[in-house]
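S.K.: In terms of this note's numbering, the sequence shown opens at residue 1 and continues consecutively.
Just so you know, these hints were derived from the structure itself, not from any lab. Note that the structure is predicted; figures quoted are calculated from it, not measured. The reader is advised that the hints may include incorrect statements.
[Stated by the list, open to error] Computed list of lysine-lysine pairs in PhoX-like fashion (alpha-carbon distance at most 25 Å, straight line):
{"id": "1", "residue 1": "K237", "residue 2": "K38"}
{"id": "2", "residue 1": "K89", "residue 2": "K237"}
{"id": "3", "residue 1": "K68", "residue 2": "K184"}
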Amino acid sequence: MKAFLRQLLALTTAVVLFLMPQAGLSEEWDLDERPWEKFGANLGVFISAVDSNFRIGSGVGLNIDVEKLLGLDTSNVVFRTDALWRFSKNRRHRLDFTWFSFRRDGNRQILEDITIGDGDDQIIIEAGTSVNAFFDLDIYELAYSYSFFQDDRIDLAAGIGLYIMPIDFGLTVSGLVDEQGSEKFTAPLPVLGLRMDIALTPQWFIRTGSQVFYLEYENFTGSVLEFRAAVEYNPWKHVGIGLGIDALSINVEADGEDWPGIDLKGEFDFNYTGLQLYLRLFF
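Construct the entire structure; sequences and hints are all you get.
M.R.: Take a look at the structure:
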């Protein structure tokens, strides 16, 4: 998964570097001739395959594959919204916002003893007991980008963004002794990104973007790799439709509050690849 995302990121970067010299030879176009809208919003469904692992507690511990071990859904169909606003007169400065959420639960009978957490928060799940689990995750993204080249066919931009992800994970164990435990935290992670939009015709567009983040600081390690691409068709003046793919890989490992906003003692690994079908409104 991560190797695939790195290849997509490298491909996007190579295309941008290839187009930059040619972009410098292009003329400045009248704003009225350009196809880049001032405001746009995508409303639709996101169909994704999900893989996630969790470790509660410090040290080596046990990494829990929540889909395989606890029976959580490996796929989700959720509502997703994306919005953009080009807020400057030349339409080179742009803000983007994205929101969608995953709500998953499952139950399974455990076949071997499992120890989760450490210290006073430790939970031992004995073989033969039944476990009900839930894993809720919201993904908010706010990003700013600047179009360093823009004409009537191509919009190339670089930017910065912030992922904010409230995460809630819990277990209820039913057996000889009933127990329950949970971990709840919010993970804010900054990213650097590249974006390229191509107007094939006044009605057909290709949208691509990639983002990356990696940091090691004291007892905190965090990484983000993301790639998205979409094809859009705009048959009406202010309404279009789109079909896209989005792949994301996130890893967070922390021991307390070494990174602002993250009160996690353990490790969280989350990956998805999804298909997005949406209605597009633009002005």
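S.K.: Going straight from one Cα to the other, do K89 and K237 come out at no more than 25 Å?
M.R.: holds (21 Å)
S.K.: For a C-alpha distance cap of 25 Å, please report whether K237 and K38 respect it.
M.R.: Roughly 14 Å separates the two Cα atoms, so the pair holds.
S.K.: Please work out if K68 and K184 have their alpha carbons no farther apart than 25 Å.
M.R.: holds (21 Å)
Every hint from the earlier list agrees with this structure, and none is contradicted.
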